[in-house]
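Protein sequence lines correspond, in order, to chains A and B. Sequence positions in the first sequence follow our numbering and run 4 to 503. Sequence positions in the second sequence follow our numbering and run -17 to 488.
Hints were generated in silico from the structure; no laboratory data involved. Ideal Cβ positions, reconstructed from N, Cα and C, are used throughout, including at glycine.
With the Cβ distance kept under 8 Å, some of the chain B side facing chain A (calculated, not the full set):
| id | residue |
| --- | --- |
| 1 | Pro85 |
| 2 | Tyr87 |
| 3 | Ala89 |
| 4 | Ser192 |
| 5 | Met220 |
| 6 | Ala310 |
| 7 | Arg311 |
| 8 | Ala329 |
| 9 | Thr353 |
| 10 | Tyr365 |
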Amino acid sequence: MTAVAELMDYAEVVERFDPVLGLEVHVELSTATKMFCGCPNLFGGEPNTHVCPTCLGLPGALPVVNGSAVESAIRIGLALNCEIAPWCRFARKNYFYPDMPKNFQTSQYDEPIAFDGYLDVVLDDGEVVRIGIERAHMEEDTGKSLHVGGATGRIHGAEHSLLDYNRAGVPLIEIVTKPITGIGERAPEVARAYVTALRDLLRAMDVSDVRMDQGSLRCDANVSLMPRGATEFGTRTETKNVNSLRSVERAVRYEMTRHAAILADGGGIRQETRHFQEADGTTSAGRTKETAEDYRYFPEPDLVPIAPSPQWVEQLRGTLPELPWERRKRIQQEWNLTDEELRDLVNTGAADLVAATVDAGAEPGEARSWWVQYLTQQANTREVELAGLPITPAQVATVIGLVKQGELTNKLAREVVQGVLDGEGEPGEVIERRGLKVVSDDSALIAAVDEALAAQPDVVEKIRGGKVQAAGAIVGAVMKATKGQADAKRVRELIMERCR
Amino acid sequence: MTELTTLPAAELAAKIHAREVTSVEVTRAHLDRIAAVDDHVHAFLHVDREGALAAAEAVDADLAAGKAPASPLAGVPLALKDVFTTKGIPTTCGSRTLEGWVPPYDATVTRTLREAGVVILGKTNMDEFAMGSSTENSAFGPTHNPWDHARIPGGSGGGSSASLAAFEAPLAIGTDTGGSIRQPGAVTGTVGVKPTYGGVSRYGLVAFSSSLDQGGPCARTVLDAAMLHEIIGGHDPMDSTSIDAPVPPVVAAAREGARDGLSGVRVGVVSEFRGEGYQPGVLRSFEAAVDQLRALGAEVVEVSCPHFTYALPAYYLIAPSEASSNLARFDAMRYGIRVSDDGTHSAEEVMSLTREAGFGPEVKRRIMLGTYALSSGYYDAYYGSAQKVRTLIIRDFDAAFEQVDVLVSPTTPTTAFKIGERVDDPLAMYLADLCTIPSDLAGNAALSVPCGLSDEDGLPVGLQVMAPALADDRLYKVAAAYEGARDAAAGGSLVHQVPELNGGAR
Chain A
4 MTAVAELMDY AEVVERFDPV LGLEVHVELS TATKMFCGCP NLFGGEPNTH
54 VCPTCLGLPG ALPVVNGSAV ESAIRIGLAL NCEIAPWCRF ARKNYFYPDM
104 PKNFQTSQYD EPIAFDGYLD VVLDDGEVVR IGIERAHMEE DTGKSLHVGG
154 ATGRIHGAEH SLLDYNRAGV PLIEIVTKPI TGIGERAPEV ARAYVTALRD
204 LLRAMDVSDV RMDQGSLRCD ANVSLMPRGA TEFGTRTETK NVNSLRSVER
254 AVRYEMTRHA AILADGGGIR QETRHFQEAD GTTSAGRTKE TAEDYRYFPE
304 PDLVPIAPSP QWVEQLRGTL PELPWERRKR IQQEWNLTDE ELRDLVNTGA
354 ADLVAATVDA GAEPGEARSW WVQYLTQQAN TREVELAGLP ITPAQVATVI
404 GLVKQGELTN KLAREVVQGV LDGEGEPGEV IERRGLKVVS DDSALIAAVD
454 EALAAQPDVV EKIRGGKVQA AGAIVGAVMK ATKGQADAKR VRELIMERCR
Chain B
-17 MTELTTLPAA ELAAKIHARE VTSVEVTRAH LDRIAAVDDH VHAFLHVDRE
33 GALAAAEAVD ADLAAGKAPA SPLAGVPLAL KDVFTTKGIP TTCGSRTLEG
83 WVPPYDATVT RTLREAGVVI LGKTNMDEFA MGSSTENSAF GPTHNPWDHA
133 RIPGGSGGGS SASLAAFEAP LAIGTDTGGS IRQPGAVTGT VGVKPTYGGV
183 SRYGLVAFSS SLDQGGPCAR TVLDAAMLHE IIGGHDPMDS TSIDAPVPPV
233 VAAAREGARD GLSGVRVGVV SEFRGEGYQP GVLRSFEAAV DQLRALGAEV
283 VEVSCPHFTY ALPAYYLIAP SEASSNLARF DAMRYGIRVS DDGTHSAEEV
333 MSLTREAGFG PEVKRRIMLG TYALSSGYYD AYYGSAQKVR TLIIRDFDAA
383 FEQVDVLVSP TTPTTAFKIG ERVDDPLAMY LADLCTIPSD LAGNAALSVP
433 CGLSDEDGLP VGLQVMAPAL ADDRLYKVAA AYEGARDAAA GGSLVHQVPE
483 LNGGAR
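Can you build the whole structure from these sequences, using the hints too?
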């Protein structure tokens, strides 16, 4: 493992070197079935329960392309401003991998379905960087192996390995950038912003659940350095399967400082894959790639070529939703936000969530305050991205609506949201289960108010004497007595009535 | 041998459906015949006696209950090449690698046959993973040609064709990648049809070369083959390369040919498929067949297909390339045998030792060839060039079919050679498929029908008929017309001249 002492100070890195990035993002599509068979495409499940002869690679089994995965691929291509190939094929990528049942991966090689596009990425300060998209192609995911008995959890040293093929054959789209140059010290930030923008886009399109923590969105970061002013790219390393936005940024930054130290010392970079360590933000060497692997690609003979008609492509273009950047432009105008306010919203990852909450019927102000305050705080506590919270904008809108209708107090509303986040179901179910209805029945409230007033005659005197703020103590007592389910505003009104 | 094992499938079916005989009786007669002769023929790798009798009983019960037969061949027994998966019945593809593997699912062909009430007797011997022209590459020992036990029954579907010639089954299923239905058909004196690529589902057919493999019917008569073709043919949504079009009316075409002859039919003789390397007796039988076609009213012309000369080398790049990838899944991890899994070997070693023990020399040879042909730097020179040749062969066919309705040639350059004769000379072995390979590369339809015995050795010769893709019906019309005329002239069907096996001993 590389010690921290062998790294170069970041300021020095960017003074001496120009970084070149290449990002490869794998996205699992959330289609109902797998890429080449009718098995359900579900995350998790008892091992080897979502399998059939085709995704198990049994002798004789054949693939058939999932049409809805092709649609998603085309839509993604269009959203990334790509050309859509009028004719393309799958190819076989031949290599051995324990959790790849056919020992070849059905993928696209020299004939991707979408190519030559771009994605505009907004950095924290509002600067826009245009990232070129080399290609977006379709392929299938592998199964998962669990290596048992070793110290590292890797295959070497393991006593045996367990294989789960539930994920084998899940549709993947691989999106590959062109080399990203000229970004200097902002390289780590650009990497993070790109993956964020891509994630938001894919979520808006509803083609994937883009959960980095569950592997439905995975990023491989290629990094190389060249001396300032040079034009020839340096040797790159590829850090595999980085699984959070923050890690993308850290991994790029770490590799830059590591490369720089080696290069400055007169050493050479080995072309290799690397693993990112979440714990300390370092990378470690994986496979060495001294020469390109020979995958013996050839056109997949078990599948007929795909030839999307121009009409079909245009029809799919018509199904693209309002894309995140368009939506941001619109909400800025509609909500009358300054550039800075919008940027804050975007930087917390809340903009699209707020917009979606508004779309679901909430007031923009309410929606903003829920996401930026309470939910951001919840995300921090739970150490997940805001968008990774297990609550949908529609659910938040429902809760806001209930508060507005007087069915919930703000306090109760937070408890409802808490219940949803804890997996207790829809807001209605949480309310039911936890008994969180506002006590709006005056007779029940009056009894509680009278009891509280009787218990504190001195306070009653104060109120009658014109010290209205003293009522707070009674309100508190009533709220306590009703376990927070009383409408505080109504309680206050009742207190004033009784003390009149 | 009883009458029940010598009748054509069409007649057996008629008797079963008229309840003159039960499917169980017919099935038992064939099972008994297998028990009597298969020690000597070795057409079967696995006989499913119980399953076959149960299927036959079910057909009889349905008929007794007054139900219409599930298909025109319901109740008739069939021998299935061991390359199709069969739920509950072992499937080995003639390989040690898959020894003991019982698939958890049925191939579409298997399922279709079961649903049609066709009785599956068992699985037939074959060259390992369908690689070969002699059925000597089976890990479980060769099949013997019923015409001469010292000779090969053709390959890779030697078991299927031999089971017909040995009267162990009236119907069989084969697969044709480079001629593995037609070539064994020719050397055993039976009918073998390679339908248009995509005409019969490949789902559950253990892949050798995906872009070439094609299942098809084997029978003793053209009409029987047509009836079987109509059952197994048709679109399968589980196979992306399956043609979404109705099965051509092959039964009607066979009946029409037998009845009306060939007047108005234009037949092209492929000039590249005669001359040097061809056994004179084979050519003489072929010429006699061409005369017969003329006598039936066909207009016969000579047609040149210049690129057919390159078909063999192109095939021996494409098929091994695809095979090297298709066979990669046999890694000892999930099914089949596993060697040296004693805890002292790494996964890679177990895989390597298993492949070493599990694959025979021909399979290894082709995996090596294919791996090499696909490797970086060689792809364009080998695989890429072979695909270009394939295109040229398709164009040759297209040009020929502008002039004629069908093409004809001998099915094989020689009659059945002796077991062991070409084992050490793979290139000589590959020549057996010289005439059949172009149709596979082009994906169009072709058939072999018996055309007499070679006057030198008294062994069967096949007449190959080739038609454009989706024009399978033309094959049946021409073959049925020819078969009727030949049998009438010879005073009986050729396959009945096969020496009596007499309990197998000769």
